[in-house]
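Chains A and B, in that order, are what the protein sequence lines are.
Heads up: the first sequence at position 14 corresponds to 14 in the UniProt record's numbering, and the numbers run straight through without jumps.
Heads up: the second sequence at position 109 corresponds to 109 in the UniProt record's numbering, and the numbers run straight through without jumps.
Honestly, I wouldn't trust all of these hints.
Stated by the list, open to error - Restraint ranges, calculated between C-beta atoms of paired labels, are given here:
hint, chain 1, residue 1, chain 2, residue 2, range
1, B, 104, A, 118, 31 to 41 Å
2, B, 71, A, 67, 25 to 35 Å
3, A, 171, B, 1, 20 to 30 Å
4, A, 149, B, 15, 39 to 49 Å
Unchecked claim - Here are the simulated EDC-like cross-link-like pairs (lysine to aspartate or glutamate), alpha carbons at most 16 Å apart as the crow flies:
hint, chain 1, residue 1, chain 2, residue 2
5, A, 54, B, 89
6, A, 54, A, 219
7, A, 54, A, 180
8, A, 54, B, 100
Said to hold, decoys possible - Examples of chain A residues toward chain B, derived with CB under 7 Å:
hint, residue
9, 4
10, 87
11, 92
12, 96
13, 100
These are calculated hints, taken from the structure and not from any lab test.
All C-beta atoms in this analysis are idealised placements derived from N, C-alpha and C, irrespective of residue type, glycine included.
Letter by letter, the chains look like this.
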Amino acid sequence: MNDFRSDLTGLCEGRFTGALRIEGTPAGVMYLREGLIAAITTPGAPGPESLLLKSGRITEREWSAAFAAGAAEERVGEELTNAAGVSAAELEVVAVSALYDAAFVLGLNRPERWHAEPGTTPLPLPVRPGVHPGELLRETRHRLSSLSQQWGSPQHLAAQRVTATGRATPSAVPNTRFRDILLHANGRHTPRDIAFLLGRGTFAVTTDIVSMAHRGLLDGRPAPSSAGAAGAAIRQPTRQEGEGHPAVDHPGVDHPGAAPPAQAPAPVPPAALPRRRPRHGRPGAGQHGTGA
Amino acid sequence: MSELAMAMRRLLDCQGVSAAMLVDGTTGLEYGFDGDRSALPRAADSCDDARRISDTLEVATGEVELENITVTTTQCHYLTRVVPRERGDSLLLVVALARESTNLALATRQIDDHARQLFA
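Can you build the whole structure from these sequences, using the hints too?
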């Protein structure tokens, strides 16, 4: 992770413009403009389009029309404001929250490989002027640390199938956000799944799930320590195709209460691990980085 | 300057305001800030404080619709206003005001107006 951080810092200092493609579980792409991050895309977190559509702020038709009219010149936001009445401030909040949310999801696991591709890609809702990578990494560490303190392993939490305890029916819960989560807490959906269903951020939904578990509304209790996990009734997902291995640690983040996963993934033979190649030149010139 | 940055800058035009901040009410992410950094707590802390107060009131009274929080010290007023928003998680507008130069009732109304206009 330190290699990735240092590469990203190097791209910032070099005022890189282009895409930083990250392979891992999940994969993602960071789009940088003059060294600042304008957007991040990943299947692990809802992007601005999904947030706007699933929350009901705009319709599919409005998005399609705005995209068709404005995508090439990065005027999708202006088109949405004019045609769908979504304020520029609202779009800015959505774009910024989606960016940080994607970073959080990517930060759950150690990136396997990454490489930078120079060039400008039109983005539908870029954050202007962009987020400094240092600030992004700080906020991501804060989020992971916060979840570690409240629950235990963030990776473990992200893999949970969210299940209601039955203590309260959704209609009896005054908190609207909790009510919406309870409606989908059927033991089949992970926090990410629920985020996509509700049009909310993955970290926001995960935060609420922790609060709801503390209140006894959802199955699963945070393990106070690795030796004190008795009583936790956490449903373990069956491993899905394409799932990678969780990161062992997060540099700079302590896991005093991290509970070991109940199902440890099978070890990968050493010969199959990505090999680190010595770097030549500065990042941003098509260099390949590999996670050690 | 972004739309949110301009909105925070306009708040500084209100009498007595020394700092203003827009915070995500669920994640604690700061969306905008202007003014004296030392005049306000961190965004995540403001979010946590609002959540604790809301949780406490919910347990005691069943009431969860927080509207605003006002904290007064010997020097300052701190206003936390829930920003009205049609969709999406709640946002908090957190403002620090110098007590000696602020009419709290008037300031509260001005900040309410700003909050309503933010996503209008």
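Hints and how they fare:
{"no.": "1", "hint": "104(B) / 118(A): 31 to 41 Å", "verdict": "54 Å, violated"}
{"no.": "2", "hint": "71(B) / 67(A): 25 to 35 Å", "verdict": "44 Å, violated"}
{"no.": "3", "hint": "171(A) / 1(B): 20 to 30 Å", "verdict": "44 Å, violated"}
{"no.": "4", "hint": "149(A) / 15(B): 39 to 49 Å", "verdict": "40 Å, holds"}
{"no.": "5", "hint": "54(A) / 89(B)", "verdict": "13 Å, holds"}
{"no.": "6", "hint": "54(A) / 219(A)", "verdict": "26 Å, violated"}
{"no.": "7", "hint": "54(A) / 180(A)", "verdict": "13 Å, holds"}
{"no.": "8", "hint": "54(A) / 100(B)", "verdict": "46 Å, violated"}
{"no.": "9", "hint": "4", "verdict": "22 Å, violated"}
{"no.": "10", "hint": "87", "verdict": "5 Å, holds"}
{"no.": "11", "hint": "92", "verdict": "5 Å, holds"}
{"no.": "12", "hint": "96", "verdict": "6 Å, holds"}
{"no.": "13", "hint": "100", "verdict": "6 Å, holds"}
Checked against the numbered hints given earlier, the structure breaks hints 1, 2, 3, 6, 8, 9 and satisfies all the rest.
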